[in-house]
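Chains A and B, in that order, are what the protein sequence lines are.
Position one of the first sequence corresponds to residue 1 (the working numbering), numbered consecutively onward.
Position one of the second sequence corresponds to residue 1 (the working numbering), numbered consecutively onward.
Source of the hints: derived by calculation from the structure; they are not laboratory data.
Just so you know, these numbers come straight off a predicted model, no measurement behind them.
Careful: at least some of the hints might be erroneous.
Claimed, not checked - Partial chain B-side listing against chain A, Cβ under 10 Å, derived:
#	residue
1	S79
2	G96
3	Y156
4	Q160
5	L164
6	T166
7	T171
8	M174
To be verified - The calculated label-pair distances, taken between Cβ atoms and stated as ranges, are:
#	chain 1	residue 1	chain 2	residue 2	range
9	B	Q105	A	A124	45 to 51 Å
10	A	G121	B	A136	31 to 37 Å
11	A	K59	B	G51	27 to 33 Å
12	B	N158	A	E29	45 to 51 Å
As the list claims (entries may be wrong) - Among the chain A residues that face chain B by a calculated CB cut under 8 Å, a handful are:
#	residue
13	V13
14	L67
15	L69
16	S79
17	A103
18	H107
19	T155
20	L162
21	T166
22	Y170
23	L173
24	M174
The C-beta atom is built at its ideal place from N, Cα and C for all residues, glycine as well.
Number of protein chains: 2
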Amino acid sequence: MTEKAAGSAARAVLQQCLHARLQVKPPDEQSEAQWVQIDRGMVIYICFFKGATEDILPKMVSSLLNLRLCESGSGRLVSVSELPGSLLVVPQATLGGRAKGKAVQYHGNIGKEDGLRLYGGFVALCEKELLAAAAAARGNAEAGGGAGVTVKSGTYGNRQVLKLDTNGPYTHLMEF
Amino acid sequence: MTEKAAGSAARAVLQQCLHARLQVKPPDEQSEAQWVQIDRGMVIYICFFKGATEDILPKMVSSLLNLRLCESGSGRLVSVSELPGSLLVVPQATLGGRAKGKAVQYHGNIGKEDGLRLYGGFVALCEKELLAAAAAARGNAEAGGGAGVTVKSGTYGNRQVLKLDTNGPYTHLMEF
Chain A
1 MTEKAAGSAA RAVLQQCLHA RLQVKPPDEQ SEAQWVQIDR GMVIYICFFK GATEDILPKM
61 VSSLLNLRLC ESGSGRLVSV SELPGSLLVV PQATLGGRAK GKAVQYHGNI GKEDGLRLYG
121 GFVALCEKEL LAAAAAARGN AEAGGGAGVT VKSGTYGNRQ VLKLDTNGPY THLMEF
Chain B
1 MTEKAAGSAA RAVLQQCLHA RLQVKPPDEQ SEAQWVQIDR GMVIYICFFK GATEDILPKM
61 VSSLLNLRLC ESGSGRLVSV SELPGSLLVV PQATLGGRAK GKAVQYHGNI GKEDGLRLYG
121 GFVALCEKEL LAAAAAARGN AEAGGGAGVT VKSGTYGNRQ VLKLDTNGPY THLMEF
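Model the full assembly from the supplied sequences, consistent with the hints where possible.
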């Protein structure tokens, strides 16, 4: 019913947001829950499959940051780099699920250690590329500047408690 | 980069929610925006591809309503029918997008009239199946009753202004 695309190394679901807030540390006896948040930008839910390596990260990040999925002030579609908008990266192993009867199995997913390493690399590269684009935009008055643009990310392996506010999530699926 | 699964007739993305609110009529000069909302349950973003017919709807609805994706009070995974939870069905043609360079194309999507008809049939069948399950649950004290369970849906072709509150979206992809 659900299929892993043949040879697919990673799957991303993208949603546009006005504001998004993600828990990165659950509350415990000592402290309250900790959250990260972004304003206008894109939420990237990401899952890596078995066999994925760091080689795919540059192409993934370049594609995701340059796809024209965001509505600019004038209604034109621009990339999140061009907007410029922020990113919230959410580790989402459930995206690798395949239905087997009423149950969902995750046998195609990458192991936890490799997944954590790839997720960390993905977030770091998003940060590098998006902040470079934002710095370029700050030097360009026409683009409205890239001040306030940020990359936030969830804690790998945690429950991803998320609150999302959109002007249309405009949900897209990307396979790599 | 993104692929339409060979022979796929429909694509659904599923997210669990504590509360979700969707605009079904934008504001105009005469009236304020109109919204629908659900509490605990599942958001189904749905897109039909060229060649999809009503024949697929019963299997789709049965699968989606019976997949064990929802965390019950005891932490056990149950279906949205068993929870019992509500459904918010969001038409989301963007799910059919394929990247071509920096642009995204939607050539594989079903035409608007056929899409509207399938979407209407899908929502009606979700309503019938979920409400039948909820009525059965009301007769079963152990299940906590199905009171308050509802199916809400967006307006096909509109911008889907969505606000989502989760305890983990637990995002899944299903192809049919």
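Going through the hints against the structure:
1. S79: 7 Å, holds
2. G96: 9 Å, holds
3. Y156: Violated. Min distance 14 Å.
4. Q160: Status holds, d = 5 Å.
5. L164: 4 Å, holds
6. T166: Holds, because the Cβ-Cβ distance from T166(B) to chain A comes to roughly 5 Å (cut-off 10 Å).
7. T171: 5 Å, holds
8. M174: Where the cut-off is 10 Å and the nearest Cβ of chain A is about 5 Å from M174(B), the hint holds.
9. Q105(B) to A124(A): 45 to 51 Å: 31 Å, violated
10. G121(A) to A136(B): 31 to 37 Å: Hint violated: Cβ distance 48 Å, outside 31 to 37 Å.
11. K59(A) to G51(B): 27 to 33 Å: 31 Å, holds
12. N158(B) to E29(A): 45 to 51 Å: Holds, since N158(B) and E29(A) (Cβ atoms, about 46 Å apart) stay within the stated range.
13. V13: Holds, about 6 Å.
14. L67: It holds, given that the least Cβ distance between L67(A) and chain B is near 6 Å, below 8 Å.
15. L69: 7 Å, holds
16. S79: 7 Å, holds
17. A103: 6 Å, holds
18. H107: Violated - the Cβ of H107(A) stays beyond 8 Å from chain B, reaching only about 15 Å at its closest.
19. T155: 12 Å, violated
20. L162: Constraint on L162(A) satisfied, holds at 5 Å.
21. T166: Result: holds, 5 Å to nearest chain B Cβ.
22. Y170: 5 Å, holds
23. L173: OK, holds: L173(A) within 8 Å of chain B, min 6 Å.
24. M174: It holds, given that the least Cβ distance between M174(A) and chain B is near 5 Å, below 8 Å.
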